[in-house]
Amino acid sequence: MTQVSMTVNGKAVSGDVEGRTLLSSFLRDKLGMTGTHVGCDTSQCGACVVHVDGAAVKSCTMLALEAEGASVDTIEGQAAADGSLNAIQQAFQDHHGLQCGFCTPGMVMSAAALLKENPKPSESDVREYLEGNICRCTGYHNIVKAIMAASGQDVSAIAAE
Amino acid sequence: MPKDSGIGASPKRREDVRFLTGAGNYTDDINVNGQAYVHFLRSDVAHAKINGLDTSAAEAMPGVVRIFTGADFEGVGGMPCGWQVTDRHGDPMQEPPHPILAQGKVRHVGDPIAAVVADSAEQARDAAEAIVLDLEELPAVVNMKAALEDGATKVHDDLTSNLCYDWVLGETDDAAVQKAFDDAAHVTTLELTNQRLVANPMEPRVAVGDYNRGTDEHTLYTTSQNPHVIRLLMCAFVLGLPEHKVRVIAPDVGGGFGTKIFHYAEEAFCTFAAKACNRPVKWTASRSEAFLSDAQGRDHVTKIELALDKDNNFTALRTNTLANMGAYLSTFSSSVPTWLHGTLMAGNYKTPVIQVNVKAVFTTTVPVDAYRGAGRPEATFQLERVIDKAAREVGVDPVALRRQNFVTEFPYDTPVALTYDTGDYNGTMDKLEVAADFAGFAARRAESEKNGKLRGLGVNCYIEACGIAPSNVVGMLGARAGLYDAATVRVNATGSISVMVGAHSHGQGHETAFPQVVAEMIGIDESQVEIVHGDTSKIPFGMGTYGSRSLAVCGSAMVRATEKIINKAKKIAAHLMEASDADIELKDGVFSVAGTDKSVAWGDVTLTAYVPHNFPLEDIEPGLEETAFYDPANFTYPAGAYACEVEVDPETGKVTIERFAAADDFGNIVNPMIVDGQVHGGIGQGIGQALLENCVYDDSGQLLSASYMDYAMPRADDVPFYTVDHSSQTPCTHNPLGVKGCGEAGAIGSPPAVVNAVIDALQSGGKDVGHIDMPVSPARVWAAMNG
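Protein chains in written order, with our numbering: chain A, 1 to 161; chain B, 1 to 787.
Since the hints were derived computationally from the structure, they do not count as laboratory data. Every residue gets a Cβ at the ideal spot worked out from N, C-alpha and C, and that includes glycine. Any given hint could turn out to be false.
[Unchecked claim] Label-pair ranges, simulated between beta-carbon atoms:
| hint | chain 1 | residue 1 | chain 2 | residue 2 | range |
| --- | --- | --- | --- | --- | --- |
| 1 | B | 31 | A | 55 | 25 to 31 Å |
| 2 | B | 564 | A | 30 | 26 to 32 Å |
| 3 | A | 18 | B | 92 | 48 to 54 Å |
| 4 | B | 410 | A | 119 | 50 to 56 Å |
| 5 | B | 236 | A | 18 | 40 to 46 Å |
| 6 | B | 236 | A | 7 | 49 to 55 Å |
| 7 | B | 612 | A | 82 | 38 to 44 Å |
[Said to hold, decoys possible] Listed below are the simulated DMTMM-like cross-link pairs for lysine to aspartate or glutamate, each with C-alpha atoms no more than 20 Å apart in a straight line:
| hint | chain 1 | residue 1 | chain 2 | residue 2 |
| --- | --- | --- | --- | --- |
| 8 | B | 654 | A | 128 |
| 9 | A | 30 | B | 122 |
| 10 | B | 654 | A | 131 |
| 11 | B | 12 | A | 94 |
Based on the provided sequences and hints, a complete structural model is requested.
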């Protein structure tokens, strides 16, 4: 066991991990931050996306020890201190961009990374950026719509029904 | 104007806040103090005799609590099948045993052989590698036709063959069917495969067993769509436990799509092991393990023949299907190719003679069971593909051919055992023509052709039997369960309401939609109504969520229970106002006496029910809580028409979905936003089946597509925005809300639209291609174009 220390959602944390412990497992099992989900074991599904030093990372693809000293942001840190949702979270709720909720943390974290790079993405920009995130419930329609809405674009013309 | 509350409104989903903030409570998020972890050693070959199994070295590994093998489960029941199909001769299906851990033989890659319980998941996994296994490989049985040949290797030595059943529905007189074909002006024949799929809900399955020696009570946390079904099956058929000592909790569940209906060996194992080890035992499937242990879907091979008279009226339909059961009978596996498939072969059409033949086959593959649509997508795909082919062969417009043969009068008794209560298939087709902009297709095709692409328009209809199901009917057909559902409406003293429901929400938004109904019935704010689900200790005995049944069946129970509440509340109100029960009206949460200005508020009545100082105790009991069980009188019949437009790149065979439109008739709709979302998701999965997904075994029974790297599912850039119209509404005639169900429609209706569109595109390019099996991959399209 080796001790690892990092900042998670602005708070200093540390814990003992094995060399093989993944960042996703450190967050879930050691810190009890179960908002980050694990949906596959081949880094395909993106349910585990977090930000490490500002960059979107699949936390199942990174060893906890690799995050030594890093600043990690997870889904638990996205809402304001009073619980109010951030713009992306709110757009997902407003546009029914989630159903079972399992892929949602990764979707929200990926969307946040996208909008940081590309504040007004087109539909195809969003669809291409999300190639590392699988959702099995929504057929992506309302996820794409929500992310475009979160970027301040008018999505009222996109077919709803 | 759209409503802003109640039935027909689209309030934001209340469950979203916890899911969007990482505060969901999924089964893998649950850790019980002192828990151990189990790792299953699974077969890496498809078929073998277990000649030796030595766990001694593994038992000495660090952290190992105990290692279980099949020997530990001798005398314990096996995994049951919930539906006994009777074959064409009146005999019961062949039903092999399905032990929790393999006994003597393994029958598919992934069949669990041993279970290591250890202090940590890593220690359990490490120790499993130290188990010494001596397997004597036997020939794999993969191909269904070969499996049925004389002398084929048997998957189960104690059965007479690999045939589970040979079943027929509809016209059983072969000569009568043949005569209809002999008399036909035209016969269209199609041989096709409905490929095996993997449901792949994003949350892998998890089970946590807990046992309390002090109270002799078991708790199982599990990723299930139906906790009471799991409790019943596990207690009554597998472990022999008293139900009142077993609590099954299915908390937030990350998608189901059918594959979380079934009772799985891992659930029974964790329950058993928690007592045997006197420690909580947790199992979390890896995705690779999910591919080897979640029941898979579809896997039919079919020959379908459609007879038409000289005026292009459908006169007869005959199908012959081989349906893969896999190595064991999963919980509802046997019902899928039979009662959930054969009964839908009439589709939306008035074909007078129908014969459906199904042979179900055991193979050394992962068991197959219901996956979103379950039998109905298989029926729809065959029928809508053969109709499209027939239209081309006889030279008529495929939409006109469908319209000509639509059932238009209701109720309609099909030749395959169903009675459609209501519908308007021309109505949904009319809506589709607008939603899909048929009129603009020619211009879009011309534009594509200018760019060197072929463009096709594919249209099809679908009908499904949902709201599963009338218990007396399914009982006659072999179901070993009732298929009612239940709801308890508990009104609190201050007027808020908890509704405990048997349905389970794992993405469907029950927590938002169900309160819309109760709140509207009483006339109070939706925020005053809370839904409780997923815990057998909190909810009445309901059968759970699948078959698009939640609102139609459990919602009906909730309506009935709420009606009982209102009736009792009126009695209390009448007493308070010294009036007759019959004169009490309830509107907007206020009880009034007709023709007077006397009124009492909802909260006054509820408080009186629990503080009965002035109460008609001689007539009614205090309190305000009612339960209703609802057993439907018939299935519901959602139906609709779908259109897909594709572009095919003739250089590469790549298919791009350019437009997709759906026109559905779901009857009355409680929450249009959620209904849209359900249809979107179904279409996404249907496009996945049509273009991408394929569960492939090689000849040795190895699963080649056992990870997300190998099993292709739609990503955001594989699909377009969808146009969904559900304004054509013929309310269900036999349930109180007039609702039909919407969860599976998208997955049922979309695959034939995609394939029809691809064929249309190729035909427009002068390629005489009659059919391409799914997934319609670039390689298959290119081969068809150039073959």
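Report the numbers of all earlier hints that the structure fails to satisfy, in ascending order.
2
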